[in-house]
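*Asks:* If you want the building blocks of each chain, they are given just below.
Number of protein chains: 2
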Amino acid sequence: MTKCLETFMKENAPKIDKTLHALIDELSIPSELKKSMIYSINAGGKRVRPLLVLATLDDLDIQLDDAYIVACAVELIHTYSLIHDDLPAMDDDDYRRGKLTNHKVFGDALAILAGDAMQALAFQCLTRTASLAPTQQVELIRLLSEASGAEGMVGGQVLDLEGEARSLSVDELEAIHVRKTGALLSFSIEAGAILAQLCDDKKGQLKRYAHHIGLAFQIKDDILDVTSTTEQLGKPANSDEAQNKSTYPALLGIDGATEQMYARYEEALDALRFLEKEDALLAQFAHYIVERTL
Amino acid sequence: MTKCLETFMKENAPKIDKTLHALIDELSIPSELKKSMIYSINAGGKRVRPLLVLATLDDLDIQLDDAYIVACAVELIHTYSLIHDDLPAMDDDDYRRGKLTNHKVFGDALAILAGDAMQALAFQCLTRTASLAPTQQVELIRLLSEASGAEGMVGGQVLDLEGEARSLSVDELEAIHVRKTGALLSFSIEAGAILAQLCDDKKGQLKRYAHHIGLAFQIKDDILDVTSTTEQLGKPANSDEAQNKSTYPALLGIDGATEQMYARYEEALDALRFLEKEDALLAQFAHYIVERTL
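Protein chains in written order, with our numbering: chain A, 3 to 296; chain B, 3 to 296.
These are computed hints drawn from the structure, not numbers from a lab. Treat the numbers as computed from the prediction; the structure is a model and nothing was measured. It is possible that some hints are incorrect.
No distinction is drawn between identical chains; accordingly, a pair holds when it is met within one copy or between any pair of copies.
[Stated by the list, open to error] Below, computed lysine to any residue pairings styled on SDA-like, alpha-carbon distance capped at 20 Å:
| hint | residue 1 | residue 2 |
| --- | --- | --- |
| 1 | K37 | L7 |
| 2 | K36 | E148 |
| 3 | K37 | E148 |
| 4 | K279 | A177 |
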């Protein structure tokens with residue numbers, strides 16, 4: 003029987019939340035540091051990355067308790083990056099998802115340190131997956147460090163900051179997003195494939211899927227920034243345009259960006275054909291990404 | 003024949019430098035990010051932590067090429083922590099070891115990101131140690147993430163920042179240093195023990211050694227801050243007193259602090275007895291730590 007993505011999300015998001023809380027709560031650390039870490043973990047994230055880990059596994063018909071820990075490792079990296087990106091020295095954002103950003107509540111020093119601690123915790127989690135073979139653990143750690151580091155997410159943020167000063171081509175924009183958001187989304191899906199011990203050929207198809215939904219995700223973000231209200235976004239709408247940022251709608255127009263997004267969507271679906279499943283969760287995920295209003 | 007620590011350092015420090023450079027240089031990353039990372043790697047560190055990894059292995063009569071990579075992982079964590087600690091939001095230092103701090107040269111945003119990237123690279127390195135068993139790799143990653151994270155180095159920095167506002171007891175001071183600097187020094191020595199596949203009993207002795215030299219190291223740092231000139235330190239002398247920081251000399255007097263330091267030194271030497279070596283490198287290291295003038 004076909005699983006419904008919405009049901010899948012509703013079932014799994016609370017388990018992800020619970021695991022994230024437990025991972026931080028069990029730490030013997032200064033109370034302000036714990037509060038700061040918990041605050042950002044609770045800041046209303048949609049848990050897209052951890053849910054992608056779990057959805058990939060589900061589509062491959064694998065059940066594995068340690069998948070929740072792996073899923074949380076990605077979310078910890080994602081959350082740390084948001085805390086650091088919001089800092090005055092970076093994007094200088096006061097609000098995210100309608101809540102004050104970490105540094106507005108806890109100060110810049112603690113925000114930097116909470117982010118640093120979350121990064122370390124992400125790698126620590128991956129060593130606590132007793133049901134996995136050590137070679138799987140090492141492979142996950144290698145891929146997460148690559149996806150989140152200088153060649154991945156951090157490098158993408160550097161390119162993004164550099165790009166603010168000038169107008170970019172679509173190719174340059176894509177190069178930023180492939181690193182800044184794409185690398186971690188790709189990791190989420192590859193992590194599922196590693197947990198399922200998938201062969202390289204099928205893993206390659208999932209990576210292709212990940213590449214395209216990563217870009218579709220970003221194009222959708224850019225479109226939402228133009229078409230949503232500040233209230234809907236939980237942060238100032240039209241902020242990209244106000245900051246003169248290069249975005250897909252700015253470069254291609256809303257129609258061109260939408261077309262591009264659906265082309266990515268079709269490519270992503272095509273990559274999933276090897277699953278031989280009607281309504282695979284990952285296919286529904288791709289649909290969710292392009293149709294979401296938030 | 004007894005090895006001389008000075009010769010050992012002169013032989014190995016350049017190899018550590020070379021490995022660190024290679025690890026960063028081979029990355030395909032934005033050039034400013036690479037420059038920023040290389041700048042801090044070149045900022046004149048004494049390579050105490052990586053040399054401790056190598057000295058531990060040497061005292062255990064083990065030769066292992068991958069030890070250099072493990073040694074560099076610790077130095078990357080140490081270097082990232084210095085970059086973040088120096089930020090205006092934290093200690094706000096303009097100089098370190100006589101050179102401008104990273105954010106003074108590259109700006110706050112790039113300094114934050116270079117630090118973040120170095121942390122990821124440290125864990126990445128540890129997955130690239132092909133001569134180790136995957137269980138050893140996972141154990142090293144687990145220990146490094148613990149030593150550098152919220153329960154270790156980052157937590158120590160939080161306590162340190164919180165402690166600035168009030169005067170601390172010697173116990174509170176020790177609790178800070180055990181985390182802030184001790185955890186990473188301990189990791190360095192434990193890493194050597196893991197690489198050498200040492201039994202738990204001997205590993206325990208090395209951890210005891212590490213605990214005591216960690217504290218001796220910090221007491222010496224505090225003493226040097228009082229007794230050195232700005233020129234010798236490469237940063238303002240007497241800065242602790244000027245900032246009203248709790249230090250060992252402030253709490254115990256110079257004589258009391260010196261006595262405490264030598265007590266730690268003796269404990270450290272005692273823990274090394276199982277090596278059954280005259281002039282073990284680690285014993286010489288302990289001596290170097292308490293006698294250094296920089």
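*Asks:* Would you mind marking each hint as holding or not holding in the structure?
*Replies:* Here's how the hints hold up against the structure:
{"no.": "1", "hint": "K37 with L7", "in the structure": "neither (32 Å within a copy, 45 Å between copies)"}
{"no.": "2", "hint": "K36 with E148", "in the structure": "between (27 Å within a copy, 15 Å between copies)"}
{"no.": "3", "hint": "K37 with E148", "in the structure": "between (29 Å within a copy, 19 Å between copies)"}
{"no.": "4", "hint": "K279 with A177", "in the structure": "neither (32 Å within a copy, 56 Å between copies)"}
In summary, the structure is inconsistent with hints 1, 4 from the numbered list given earlier, while agreeing with the others.
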